[in-house]
Amino acid sequence: MPSSPLFRIAAAASGASIAFSVALAMAPSAQAASTSVVISEAYGGGGNSGATYKSDFVELYNLSNTTVDLTGWKVQYWSAAGVTPQSTSLTGSVAPGTSFLVKEADGANASATPLPTPDVTGTIAMSGTAARVAIVNPAGEVVDLAGWGSGVATFEGAPAAGTTNATSVARISPCTDTDNNAKDFAVGAPTPRNSAAGPQDCTPTDPGDPGEPGGQSATVAQIQGASHTSPLVGKDVKNVEGIVTATKSTGVWIQSTTPDDDPATSEGLFVFTRTAPTVQVGDKVKLAGKVAEFRPGGSGGTTNLTTTELDSPSIEVVASGQPLPAPVVIGVDRIAPQQTVFDGNPGNVETPGTAFDPTRNALDSDESLEGMRVALRDARAVGPTATAYGETPVVPGQNVSAINSPRGGVVYGSYNTPNSMRLILNDSLVKGQIRAAQTGDTYPGLTVGIIDYAFANYNLYATQSNQLKSGGLTREVTAASGGNEMAVATFNVENLAPSDPATKYVRLAGQIVTNLKAPDILALEEIQDNSGATNDGVTDSTVTSDKLIAAIKAAGGPSYQAKWVNPTNGTDGGQPGGNIRQVFLYRSGGDLSFVDKPGATATTATDVVGTGRNTSLTYSPGRIDPANGAWASSRKPLVGQFTWKGRSVFVIANHFASKGGDDPLMGRFQQPLRSSETQRANQATAVRTFVDKLLAADANANVIVLGDINDFEFSKTADILVGSGSTALTDLPRTLPASERYTYVYQGNSQVLDHILLSPNLVRTMANKKYSYDIVHTNSEFSDQDSDHEPQVVRLPVQVTR
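For the sequence shown, the residue numbers in our numbering are 203 to 1004.
No wet-lab data here; the hints were simulated from the structure. None of the values given here were measured: they were computed from a predicted structure. Some clues are possibly wrong.
[To be verified] Label-pair ranges, simulated between beta-carbon atoms:
id, residue 1, residue 2, range
1, 901, 791, 49 to 55 Å
2, 763, 807, 33 to 39 Å
3, 791, 939, 54 to 60 Å
4, 516, 541, 28 to 34 Å
5, 617, 927, 23 to 29 Å
6, 801, 618, 29 to 35 Å
[Stated by the list, open to error] With a straight-line cut-off of 30 Å between C-alpha atoms, the simulated DSSO-like cross-links for lysine-lysine are:
id, residue 1, residue 2
7, 671, 755
8, 861, 847
9, 749, 719
Just so it is clear, CB atoms sit at the ideal spot from N, CA and C, and this is done for glycine as well.
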């Protein structure tokens, strides 16, 4: 499958005046608009990155009143500038008013959706951006032709707009053929139909406004409408007036100078010019073009919302040097709903007729400002700047109703507190002029820019530089263990491999020695094998762990030893080739020792033997139930038996399945579907079953369950691990004040993903002593991270162990 970029390539459009002469040289020509079968949709992004469907396809439609026998017909395909076609022969028939689905090549994206059962299957690998397709009858005549995208050599009338991996070109009215691809087709999410779908109602229409060249006159507000998609999508419009407020390499934003009285309709609009625009900020312009909805790819993929834009524009500059409209100050002029992304369960919020209420729903509030000049006063960074992308999650400096962390973030404390006032401050229009922030830093005064949507979030594209005021954030250092305390920690070290720069090892070692105070036992997640991400069959990780142990020693730390079980190659998920796994580091000598019961392999399940103080494991280190389907493409839990001053301690290190595949908080599907939770719930059940075995053998067993659980402290996953009754574990993040419950920052939401849980015997007090627990904030709030997770540590007084 040819790979296509997830952004639109700037290229000059082909001239319509030469289209038919080129078509005669390269393909049989259609003599007139089809009266039988037409191309109703074409999709070439199948199976690519960000693709909706796994396969390319061409959909046909019978607009006649009689069944058409397609035996001897074929679909022909050319690349944008190609000369030699590829063909798929057709068989079967298509009934009146019915579609006919021709499946073409599959792509590599296994998570994409399979097509409905095709009527015919071919093997053509189509372009995801620009191409042309023809239907040819047994006489060799082109019955219909569709050309779309930049640089396409043949088309009817004018080419349709280009596509992406997530979009197709589809006939606006399946039963209308005007022999003008630009008027007949619109770009949008693919919607394949096969013959089994049956007839669909269709009223022939003339796209655009017949009798009025260039379509109907429209204002920006009329184009935007009070909805997530334009009521004029696919229509030609003209006399669209506004001031250019910002430019980028593929287009401009304009804003109306004559706004309507409805705050639900945005007065801003993106104009997609494909090539670098010639107009300047401050130009007053009059435009004509086709209204379209563009769904960005990348993170979020097909769950992203669309943005309304004007395609194939003609631009007339009416005046220059005009003052720009005053920005709407969010948090002052308008206050976005603070904790309601979308009230209710509409499914797809883009569905026509879905209630649109900017006063109630944050998605609608942001949409009502799409493309407009807005500002934040004293914006606060609620996460660090992702310096590679120039993106900083921010909230307004006023009227923010949230669980604020003591260090300047906002806490995602329940499914009902998504902090929907967050925006992503993006510096792509003013590269280098927005200083990188740490969590809690502020941008004094007004931060002005354009509201747009990308990567599953509303972005504020800054249009001018601003200052930065430090919040004084420093990396935390935990307290040292007392003489009778055993310190146990967990730390996701983010794909640590021997090929990582020495500085990563030095800095991680510094965190372990200085910030964590060299705990007695350290459960590490995401230790890669000796060859890192090279997919060569290597699974052992001795080089990786030895390199970290040496760095700890060089940083003034103690001698550590390592224990782990190598996974089977390519079975545990994570970065391909890396074979990530959990590893125990433990301080050798002194009061701590490891109960070594070797022999476990990747597929060997350790078990519980003995009772009371003689409770033990069959393998240590070992893996919990590795054949259980819950661990498919995911890390298997590592369990080890330690002794502290002669008392047994069982430690279970985990790295549960990721949240990949879940709907985004700010996506088009509401309420978001968290499909990944099912696997984590099954994983939690497997771990909890093992814990129950230990506690059944010894009710006073000292059990520590810890690691990257990849789920919140209020989740079903955590509830399963905790259990109930006399054997309930204590989930230590839940014991902290709500404002301090976070181990990770994602898109500006501080949240818990990592946990330490203790068995009942470890939380009982004795001689007025109790465990002490600390999430040590050293990474996720800072732009210069050594990992994206925070380490955490619990210190256990020896009196409470047995």
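A quick look at each hint next to the structure:
1. 901 / 791: 49 to 55 Å: violated, 31 Å
2. 763 / 807: 33 to 39 Å: violated, 24 Å
3. 791 / 939: 54 to 60 Å: Between residue 791 and residue 939, where Cβ atoms are some 37 Å apart, the hint is violated.
4. 516 / 541: 28 to 34 Å: This hint is violated: roughly 44 Å between Cβ atoms.
5. 617 / 927: 23 to 29 Å: holds, 26 Å
6. 801 / 618: 29 to 35 Å: Hint violated: Cβ distance 48 Å, outside 29 to 35 Å.
7. 671 / 755: violated, 38 Å
8. 861 / 847: Judged against 30 Å, a Cα distance of about 39 Å means the pair is violated.
9. 749 / 719: Holds. Residue 749 to residue 719 sits at ~19 Å (cutoff 30 Å).
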